[in-house]
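Protein chains in written order, with my numbering: chain D, 1 to 292; chain L, 1 to 292; chain R, 1 to 292.
No lab work stands behind these hints, which were simulated from the structure alone. Since we're looking at a predicted model, the values are computed, not measured. Just so you know, not all the hints are guaranteed correct.
[Claimed, not checked] Computed cross-link-like contacts, DSS-like style, restricted to lysine-lysine with a CA-CA straight-line distance of at most 30 angstroms:
hint : chain 1 : residue 1 : chain 2 : residue 2
1    : R       : K288      : L       : K250
2    : R       : K288      : D       : K124
3    : R       : K288      : R       : K53
4    : L       : K79       : D       : K278
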Amino acid sequence: MALAAGRAMLMRSGVRLGTQAAARGGNGARRFMNHRVVVEPNTVPGVAVIKFKNPPVNSLTLEFLTEFVICLEKLENDKTFRGVVLTSDCPGIFSAGLDLREMCGKNPAHYAEYWRAVQEMWLKVYLSNLVLVAAINGTSPAGGCLIALSCDYRVLADNPRYRMGLNETLLGLVVPFWFKDTLVNTIGHRASERALQLGLLFPPAEALQLGMVDQVVPEDQVQSTALSVMTQWLAIPDHVRQLTKNMIRKATADHLIKHQEADIQNFINFISRDSIQKSLQVYLENLKQKKH
Amino acid sequence: MALAAGRAMLMRSGVRLGTQAAARGGNGARRFMNHRVVVEPNTVPGVAVIKFKNPPVNSLTLEFLTEFVICLEKLENDKTFRGVVLTSDCPGIFSAGLDLREMCGKNPAHYAEYWRAVQEMWLKVYLSNLVLVAAINGTSPAGGCLIALSCDYRVLADNPRYRMGLNETLLGLVVPFWFKDTLVNTIGHRASERALQLGLLFPPAEALQLGMVDQVVPEDQVQSTALSVMTQWLAIPDHVRQLTKNMIRKATADHLIKHQEADIQNFINFISRDSIQKSLQVYLENLKQKKH
Amino acid sequence: MALAAGRAMLMRSGVRLGTQAAARGGNGARRFMNHRVVVEPNTVPGVAVIKFKNPPVNSLTLEFLTEFVICLEKLENDKTFRGVVLTSDCPGIFSAGLDLREMCGKNPAHYAEYWRAVQEMWLKVYLSNLVLVAAINGTSPAGGCLIALSCDYRVLADNPRYRMGLNETLLGLVVPFWFKDTLVNTIGHRASERALQLGLLFPPAEALQLGMVDQVVPEDQVQSTALSVMTQWLAIPDHVRQLTKNMIRKATADHLIKHQEADIQNFINFISRDSIQKSLQVYLENLKQKKH
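If we strip away everything but chain D, and leave its shape as in the complex, we get (with noise of 0.2 angstroms):
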């Protein structure tokens, strides 16, 4: 806990944690080797591939967003790498989004610490120096889709079995203002305000149509695609192009940061109802029994 309220606190200030600060960590290091989140070696230069590799559904547990803000720290840190592919090491499915155990049963510090990991993670992808690319390969619902929403671009696997969205209104919850804006920003108020009160996912084509994502091709070509349009963005000078980024996504951000501790109270508020509590938990003991 304290450990992340610091990291919170050193990205409020201005100051990254280098690869050495994150690997010193004290007797939580071990907990931030990259059990969850795969860097592999890059094909093309200056560019990093992370793969997601939370199975099975590569859901946002704390610890998955800890390691996953972590790697994109060093990253961001280490002036070999300009730009990152996200992409998923778990067949059929890019991020389920929330993990749902996070929120239920457990006490308000809990829930505080998880919602600031949220929060956080978008906070770092969405204004990332990086070029961030999401190669999606697989179902994207909830939070795995914000991820995405997140990047500064997305291609999509062809597959009529993948589909994007911000479904939280199926699950009984409601998406916080920064998811919202967000997908306002992305495919507009209009297609939001109905997408988001029927918490609808699109396939690919329909994906498409809306703006959801760039482009989507053949599933053996998404991580390729998103390689080489990473080559386009990449032949623009960094300082001018980070400079542009911030200035278009700066005031979204501010929203969240403007609002970050009454949004984290307004999740526990929320979360802890005894009506959503059970909900969750029923809905925790039927994923049970289907696996077995």
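Starting from the known structure of chain D, arrange chains L and R on it as the hints suggest.
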């Protein structure tokens, strides 16, 4: 006047008139009986159909607006209803919009009352807890278009004579900023700039392409399509859908609420000008002569 | 300089220079004669055609900007004119945008004067009471694109060599936020994010699809189409059209007006850097050698 102001205050403070309160309504009771707004027995459980019946063109008179808002409030407070289809009982026209007779030859107090009623109607529709689907079975210019744009979903009859748009400039009027905000939220900034300045009325195919409506269907299927769309919306739990809707629409509504009194004063000043009064008189004279 | 500052102040306080004031202009009079901005005799009543004539590429020098603004002010104050078509007298190019020579090897006072002139030009075009239609008969990168985007309607010649976009990052520059705001208002947030970071220049078909222009027509019909579009716009009474335009565009203009001095300071700081000055020098040297 006093009653309308009282209602506005009640709405502002979060208290809503129940069925009984509306029925009670003292010596104003008869006025609020649904003469101009007919609620049809619902064929789909939980869904009411509101038919505008203010012949010949469903213009938004003060009485119509008052009945419409009371009717929506009754349905919102009756827990058996979760969704409402809005449609017209007048052949060929959804609603002609604001009633120019309410703006012509009256005193400032009347203009104030009328404009507040228009504002309150929009706030009620735009932020309704009910799912609102517009079954647009006729032309819908100006205020008629605004009502449709403020619903959650729009189904338009495929009849090239039915046109839709905010054509105020053609009548020598300027739309208030919240009409503009509603249009921008629906079709975007650039399309709104052009449509509003030119007072464009779009035939169905163009309205669909612009995103001003969600679906265009044969005229005899408008209501059945609206009801079937409603089923999709009612599949979402009311509570999370309402919170999500409010999150998306709140900023736009707050924009009006914050400037509500200034907007009324602005309307009075504009409409009281000799030049405007004169052109409205000419317009209304012409309309009268056409009828004879 | 003093004159330019005085003009800026007059504009801010709502007073506008009449034809006479511009003609008076003391010892600066000759400077403001229309050498670089030619007003053609109008073929359509009430409509002037402004031709940019600053060869070879209509770059936005300080003198050009000053003439252009004075010319627009004259037309605004001459009640016989209601609309203006903006087009180019230089073959193959609408305008190459900001003149890099104004940003290179000069002192901070010059940079301040130049940047204020760019700002004032944009405010004048973006909020003009006249109907402005861009007849884009050539390539329009950077500031040239900005002028077109700030008109009320855009007609582009169907020539694949004519490209349009805000390509500042390709020149190692960052667009100011109000260039970004203008683009977002026209093509939306997501398309702007990509276009601005990559400095994309779009051929006519793509510019049309993105909504960056309203119409693409054969090259010899650009001006006639612009004039015929103008007729549609002039069918609307000036007063309500102007109020409507102002209502839609005011927030975007106010965004700059509120931060105008900071934006100037920001420009001076950025452009004064050694690295930027050096890369501009190299760029201008290369340009000079190409000519010989």
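Point to revise | Those earlier numbered hints the structure runs against, lowest number first | key: Violated hints (numbers, rising): 1 and 2; every other hint is consistent with the structure.
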